[in-house]
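**Q** Residue 184 in the working numbering sits at position 11 of the sequence shown; the count goes up by one each step and never skips.
Simulated from the structure, these hints should not be mistaken for lab results.
Calculated pairs, SDA-like style, for lysine to any residue (alpha carbon to alpha carbon, straight line, at most 25 Å): (1) K245 - F232; (2) K202 - E234; (3) K202 - A220; (4) K245 - T185; (5) K202 - F232; (6) K245 - L191; (7) K245 - T175; (8) K202 - L213; (9) K202 - Y218; (10) K202 - R212; (11) K245 - Y197.
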Amino acid sequence: MTREGIYARTVTLIGLLLAILFTYTAASKLMHLDLFQLRLERMPYLAPYAIWISWVVPFLELVIACLLLFQK
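Take these sequences, add in the hints, and give me the full structure.
**A** Structure below.
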């Protein structure tokens, strides 16, 4: 196997693992949305935006996970 082939497979594997990680964290935040929002409300600078952030962050994580599955 050539060095380029190993490099391409390694990059693909790392991208897949990161996509799985982002999907898992987004799903976890969405399943426990009330707890995630409560923790955000406890942060002094994020409290006014906690409801908005609690929906945007998991959505962005899912978008990033989808983008990691596509090649350049």
